[in-house]
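Read top to bottom, the protein sequences are chains C and A.
Per our numbering, residue 1 is the first one in the first sequence, and the count goes up by one each step.
Per our numbering, residue 1 is the first one in the second sequence, and the count goes up by one each step.
In case anyone wonders, no lab produced these hints; they're calculated from the structure.
Worth double-checking, as some hints may not be accurate.
Said to hold, decoys possible - Dumping the calculated BS3-like pairs for lysine-lysine here, alpha-carbon to alpha-carbon at most 30 Å:
hint, chain 1, residue 1, chain 2, residue 2
1, C, K288, A, K145
2, C, K286, A, K372
3, C, K207, A, K375
4, A, K372, C, K288
5, A, K411, C, K286
6, A, K284, C, K286
7, C, K288, A, K354
8, A, K121, A, K145
9, C, K286, A, K375
10, A, K372, A, K411
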Amino acid sequence: MSRITDLQKNLFGGTTSNARQFGMISTLVAIVLLFQIWTDGLTLTSGNLIAVVSQYSYILILAIGMLMVIVAGHIDLSVGSVAAFTGIVVAKAMQEYDLPWPLGIALGLLVGAAIGAWQGFWVAYIGVPAFIVTLAGMLLFRGGNQYIGNADTVPVPEGFRKIGAGFLPEVGPDTGYNNLTLLLGVAACAGVLWREWQARQTRREMKADLAPLWVTGIRLAVMFGVIVFATLRFAGGRIGTSLPISGIILIVLVLAYSHYTRNTIGGRHIYAVGGNARAAELSGVKLKRVNFLVMMNMSVLAALAGMIFVARSSASGPQDGLSWELDAIAAVFIGGAAVSGGLGTVSGSIVGGLVMALLNNGLQLEGVGSDMVQIIKGLVLLLAVAFDVYNKSQGRFSVIGALTRPFRRDDPAAPAPPAAPNSDVDKAGVAG
Amino acid sequence: MTPTAPTLLEMRSITKTFPGVTALADVSLVVREGEIHAICGENGAGKSTLMKVLSGVHPHGSYTGDIVYRGEQVRFHDIRASEQAGIAIIHQELALVPGMSITENLFLGNEPRRRGAIDWKTAQRRALELMARVGLREDPDTLIKDIGVGKQQLVEIAKAFAKDVKLLILDEPTAALNEHDSQHLLDLLRGFRERGITSIIISHKLNEIEAVADTITILRDGRTIESLDVRADGVNEDRIVRGMVGRELDSRFPDRTPDIGEIFFEVRDWTVRHPSSDERMVCKGSTFHVRRGEIVGFAGLMGAGRTELAMSLFGRSYGTWLSGRVFKDGEEVRLKTVSDAIRHGLAYVSEDRKSIGLNLLDDIKTSMVAAKLSKIARRRVIDPVREHRIAEEYRQSLRIKTPSVDEGVVKLSGGNQQKVVLAKWMFTDPDLLILDEPTRGIDVGAKFEIYGIIQRLVAQGKGVVVISSELPELIGLCDRIYTVFEGTITGDVARGDADPELLMKQMTATKKSPTP
């Protein structure tokens, strides 16, 4: 392969869908740079970055759950309604029954789990397609929100607003920056370094090719650069602002779910079910349980996203969460998941969600109307997936591939030379 | 039919190759007007390919040779062209829309029209005529899914008559039918013969062929072996079987000295119902056993119920379990789910590795460990180093040809994919491996290696069940062979007694054939 793909592979690690990831990250960088120039540097200011995180973190949280749903081969259209329903239940409970806000959060998560169990039951155990179950859920819980809230807004108490509108507090000496955010930045750098070292260690144990040290060096330098830049921006905002609490929740979830989907048995099972449900079942994967849990998990995350949104806007209303499902689904597909399931990563979905978020934000900064914003977002989604589909079909039916196929196929096609079986006898004897 | 009846169809030296395979080599076929012509051969002998050439599924130009039909050389470019010439082919899988009525299906794509709209009155009337011709008594408004397979077959034939058929081709028409429906169909064919309609029938049921056919053409390995006149040549089942299997068994198997222990796996009275049909049993009271170190074969024709038996044993993955018990090491085990089966040391390597054996999105190492992830995990977290090491071990011991275990399984050849699937199940450390068509679509070299792997497994004291449609493979590999016919185990043949003719007889017999 070309040197460029080699470099890509080395810089971005991993084994599958490297090109796709690389493409998405470059798109994200391109969008950031484009808007940075277009808005005369407004995009990358502290204030704007902080706003982007608090404004889009709940969509990104939804994207995590949606990724797992889509990888398993389903879809969830109800997330916006579930978020709104949870929001109103929690707001009402705190307003009318004086529920303390930490218990309110627990209640919200329970509501999400119950809704998820309801939807998961229909999908996994009755076999109703998730599209239908969640379309029904979309209506059910939107109606539920308006029924409980009398189609009115319900305010939430101060303490609860922290999870949506709060920031890391100011502690320690006056450095001109938010100290806790700085600490987080240092921790992130350490984490990246540790992971890189682990990865090299693993590859060494596998006796696999190690990337040259300078490549690792470049990669670390790039990542450190991004982290340091982001840290200073988030820590250096207006006094009292810093990395939003919702951003921290998001980071924790991304790390946890990345780990779960990539490294655990449960994660493997989700990909197996989406890749080939019958094969997974015949390998001992409990199909129904996986489908149930994936749907349930999505609703819990939707409930969390709903609460963060309510906290941020300080009240729960009947219009909360409208068309969130579409943003979340778009993020996942832009992030490289396959419509047919079995493919996709949490990190890809986050990048896809960030592409959408920064596009939105940049266009808004430029004063582009919401009509044009929607048109552009629609086109980006279409083109991103079309590009992917086109690439894949090229992989299968490329002209060069078709021309060289007869030569490459000769290995199974050629009649085995008469001597081959005999020489194999000796080898088999040794092997046996 | 008179012996001097004119020739309706002649196919001359048809050769058809697919990349890497010669499906038909210089095949000739002569069909006379008004006869019932049977084509016989083992699975993969080229019967279906020949019919696809005739009906234009493989268009003119994709094969060499001539087709002369009704005195003229014809070149069909698609199935429509052959239909227009009056050739109708009825496949094993019926091409009917289940949710539409009989009438709608009969005229699908061929609807009688009146002023731009479908003329349902005419359609109804003609439907009744057509149904009468095939002896189908049903309300023409009945939906296809509400009538049995036998009647569906009749609708298919009536549909052919709607297009004015001269030559009717039936591919395994009775495979899915019960005794009564089969008999009706055969009577129908005889009736067509009276009226001068020519039929070609492909069937594995030799007793039926013997009863109904005028002429039999036997194919083997893509070649015409012989054409027999049933009456003049005094043909019987034995004669057909000899033609079908009469090849030399070459030494394509690694040497092995069997070391067979005691019975450790036993199935008693295993009865399973078809998943969608209440009256069809895919396994009828099957009883069999496997000894340690033994390779046990299951011989049977396509649709005999071997795969269904295996899959229903493997955690009830197929059909509805009705009765039967499984014993392992003398104790009864309940295998209600696939995980139960895996835990009790069963492994099932499916016949269709692409659609149900592998996740084609996976890479090699992920595939290999997929059936027992707990073995490479600590507290549910997968250890990538162990995964990689294990995959490497299998890559070397099974000699899988790949630059790296990180490659996608789609990139592998059929033989190497099969080795990955074998590795996947060897990794679960099973006591009994059920291998369903383990060498289908695999070249000779890889076959030999897979036989070697199987022999190594039994040498470790495991039991292996091999389901195969290739008799030479079973005879060469197995210590004992069960024959299966229509869901019933019809024979238990020891290695020394196994010969193709005997097996073929038991695989096709409706009644238990006398042991020679």
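How the hints compare with the structure:
1. This hinted pair checks out: K288(C) and K145(A) have alpha carbons roughly 28 Å apart, not beyond 30 Å.
2. Note on K286(C) and K372(A): the hinted pairing holds, with a Cα-Cα distance of about 13 Å set against a maximum of 30 Å.
3. For the given pair, K207(C) sits about 21 Å from K375(A) by alpha-carbon distance, which is consistent with the 30 Å threshold.
4. With a C-alpha separation of about 18 Å, the suggested pair K372(A) and K288(C) falls inside the 30 Å cut-off, and the hint holds.
5. Between K411(A) and K286(C) the alpha-carbon distance is near 28 Å, which keeps this suggested pair within the 30 Å criterion.
6. In summary, the hint linking K284(A) to K286(C) is supported, as the alpha carbons are separated by about 29 Å, within the 30 Å threshold.
7. At roughly 22 Å between alpha-carbon atoms, K288(C) and K354(A) fall within 30 Å of each other, so this suggested pair holds.
8. For the suggested pair K121(A) and K145(A), the alpha carbons sit about 23 Å apart, so the restraint of at most 30 Å is met.
9. Using a Cα cut-off of 30 Å, the hinted pair K286(C) and K375(A) holds, with the two alpha carbons roughly 17 Å apart.
10. Note on K372(A) and K411(A): the hinted pairing holds, with a Cα-Cα distance of about 23 Å set against a maximum of 30 Å.
Violated hints for the displayed structure: none, as all numbered hints are satisfied.
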